[in-house]
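Engineer: Please build the complex by placing chain B on the supplied structure of chain A, with the hints as guidance.
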Amino acid sequence: MSTLDKSDVEKIAFLARLGIDEQDIPEYATNLSNILDMVEQLDSVDTEGVKPMAHPLDAVQRLRADEVTEVNDRENLQEHAPETAEGLYLVPKVIE
Amino acid sequence: MHNKTITELSAGLEAGDFSSVELTQTYLDRIHSLDKQVNSFITVTPEIALEQAKNADAQRAAGNAGLLNGIPLAQKDIFCTKGVRTSCGSKMLDPFVSPYDATTITKFNDSGAVMLGKTNMDEFAMGSSNETSWYGTVKNPWNQETVPGGSSGGSAAAVAARLAPASTGTDTGGSIRQPASFCGITGLKPTYGRVSRYGMIAFASSLDQAGPMTRTAEDAALMLNVMAGHDLRDSTSVDEAVPDYTANLNDSLEGLKVGLPKEFFSEGLNDDVAKVIESAVKEYEKMGAVIKEISLPTSNLAVPTYYIIAPSECSSNLSRMDGVRFGHRCEDPKDLNDLYIRSRGEGFGPEVKRRILVGTYALSEGFYDAYYVKAQKTRRLITNDFNQAFDDVDVIMGPAAPSTAFKIGELTDDPITMYLSDIYTIAVNLAGLPGMSIPAGFVNNMPVGLQLIGKHFAESKLLNVAHQFQKETDWHLKAPESFK
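Going down the list, the sequences are from chains A and B. According to this note's numbering, the residues represented by the first sequence are 1 to 96, in order. According to this note's numbering, the residues represented by the second sequence are 1 to 484, in order.
Calculated from the structure, these hints are not laboratory results. For each residue, glycine too, the CB sits at the ideal point set by N, CA and C.
Dumping the calculated DSS-like pairs for lysine-lysine here, alpha-carbon to alpha-carbon at most 27 angstroms:
{"id": "1", "chain 1": "B", "residue 1": "Lys471", "chain 2": "B", "residue 2": "Lys257"}
{"id": "2", "chain 1": "A", "residue 1": "Lys11", "chain 2": "B", "residue 2": "Lys91"}
{"id": "3", "chain 1": "B", "residue 1": "Lys461", "chain 2": "B", "residue 2": "Lys262"}
{"id": "4", "chain 1": "B", "residue 1": "Lys286", "chain 2": "B", "residue 2": "Lys478"}
{"id": "5", "chain 1": "B", "residue 1": "Lys257", "chain 2": "B", "residue 2": "Lys461"}
{"id": "6", "chain 1": "B", "residue 1": "Lys334", "chain 2": "A", "residue 2": "Lys93"}
{"id": "7", "chain 1": "A", "residue 1": "Lys51", "chain 2": "B", "residue 2": "Lys455"}
{"id": "8", "chain 1": "A", "residue 1": "Lys93", "chain 2": "B", "residue 2": "Lys91"}
{"id": "9", "chain 1": "B", "residue 1": "Lys4", "chain 2": "B", "residue 2": "Lys54"}
{"id": "10", "chain 1": "A", "residue 1": "Lys6", "chain 2": "B", "residue 2": "Lys334"}
{"id": "11", "chain 1": "B", "residue 1": "Lys455", "chain 2": "B", "residue 2": "Lys257"}
{"id": "12", "chain 1": "B", "residue 1": "Lys377", "chain 2": "A", "residue 2": "Lys51"}
{"id": "13", "chain 1": "B", "residue 1": "Lys471", "chain 2": "B", "residue 2": "Lys286"}
{"id": "14", "chain 1": "A", "residue 1": "Lys11", "chain 2": "B", "residue 2": "Lys334"}
{"id": "15", "chain 1": "B", "residue 1": "Lys36", "chain 2": "B", "residue 2": "Lys484"}
Computed beta-carbon distance windows for the label pairs:
{"id": "16", "chain 1": "B", "residue 1": "Ser33", "chain 2": "A", "residue 2": "Glu70", "range": "42 to 52 angstroms"}
{"id": "17", "chain 1": "B", "residue 1": "His230", "chain 2": "A", "residue 2": "Tyr89", "range": "25 to 35 angstroms"}
{"id": "18", "chain 1": "A", "residue 1": "Glu22", "chain 2": "B", "residue 2": "Lys407", "range": "27 to 37 angstroms"}
{"id": "19", "chain 1": "B", "residue 1": "Pro350", "chain 2": "A", "residue 2": "Ser2", "range": "18 to 28 angstroms"}
{"id": "20", "chain 1": "B", "residue 1": "Glu285", "chain 2": "A", "residue 2": "Glu22", "range": "56 to 66 angstroms"}
{"id": "21", "chain 1": "B", "residue 1": "Thr412", "chain 2": "A", "residue 2": "Gln41", "range": "18 to 28 angstroms"}
{"id": "22", "chain 1": "B", "residue 1": "Lys292", "chain 2": "A", "residue 2": "Asp46", "range": "20 to 30 angstroms"}
{"id": "23", "chain 1": "A", "residue 1": "Val68", "chain 2": "B", "residue 2": "Lys257", "range": "44 to 54 angstroms"}
{"id": "24", "chain 1": "B", "residue 1": "Glu365", "chain 2": "A", "residue 2": "Glu40", "range": "16 to 26 angstroms"}
Here's a subset of chain A near chain B, in silico, CB distances under 7 angstroms, partners left out:
{"id": "25", "residue": "Ile12"}
{"id": "26", "residue": "Arg17"}
{"id": "27", "residue": "Gln41"}
{"id": "28", "residue": "Val45"}
{"id": "29", "residue": "Thr47"}
{"id": "30", "residue": "Val50"}
{"id": "31", "residue": "Pro92"}
Just chain A, with the same shape it has in the complex:
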């Protein structure tokens, strides 16, 4: 049984930089504990020597020649950003 409590949920939510309402935390704790219980069925499966499968066709990453192929599209891409200036994305001050 995996039981996550309030502080576990708060810790995970911070790792994910995900705001959740204080009042919803107990429900998330229950939901997450139930989901983890469900996935714990896998613990009883013998996977000794089984190679982890990352791609359904076991394909490997293709590489291309290191050549510039895309044009600089910054203005177009930044048009939909919440806040930009002089080609940069603006966020609250990070360094004092």
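Structural biologist: Same frame as chain A, now just chain B:
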């Protein structure tokens, strides 16, 4: 006009019975008057549609009609469409007007197809009922108190309600096949990597795959002819030749070896759904297929494996929604963490948050091997089962979902039971195989889908098997009463 298939519409356009502009206007009018009953569209794009239709008519007149010239389509709102809001069913991307087209959209544009609009879906494709959409629940055209399934519920409902001749969907754990089953249409999830994922907003990158949602298998073949192919912009797309998917539709099924996994017909399957599936299988026997019971012993591991892999990949993919470069940003952030935390907290709904939390936990320090790597190992066991089964059979058949469409609100408080509605479809994504759902009958006037599963890249075979069934039956021609 609205009951015609793509095949029939193409013939009508070619014969000059109607123009694409007339056809497109017919569908826009239907959407305008009928979609309030089902809520299948997030955005309707009449100006783009009529412009594209006009161009299509001109191209046909000039003798260079593309494969889907003049055919109106509805695109799932997960595909980026240049200059058009691409919301993925989320408040997070409500302000997002895509600066580029997904490869699938480019291909449809090049084929001369017309975009009617963007269809409703579960938020970021996470859901099996379309109830997680920020734009409201989609209603099933067969009974508006029930869900259309999800996550491609808007795409399925639009086709079932004759608001579009066909649409696109995406399928990570059943999101094309389960709504196709619930809405009584034909849905195909191709082999992983068959269709480019470029510009298709990622949920779980090792599982996501786009495919057609249509009235008939023949139409699905026409759509896949346009969608399939290698894309240099998607490193997971597969560099395999694309056959003409219509070429083998009429092959005989004499001697076809069909496997029925006993695990798909056990506990959890509704009895009436089971009867519909059994009679569909009998239909195949009449066509000369040889039916054989098989076993997929690791079937019970599919849902738990999926609910580690999919949330883990989603927590990673959705980290790009940070309120900095696009999408929703909170008011007056006091520092960078506050900006991230509140933008994401306000932008995402409860199911997306649940999955991000599960994924973050599974990938966090000290748990990665116990969860993610363990699930990648059980994923291989599940895949091995299928590979072994395909040594003996050509196609696997079973139900697409354990029941018909459930009531709106019935499962929202019970995420795990909701997850189990994808119990027969999830393993197919884990193994990367192609799968279809085709209309096979009704239970209490609600559609039931028969699932067909093939070997990797056996889309032509599946479409052939589906088409032959549709030649012998008329379930796929039935329309819901209020949308005839």
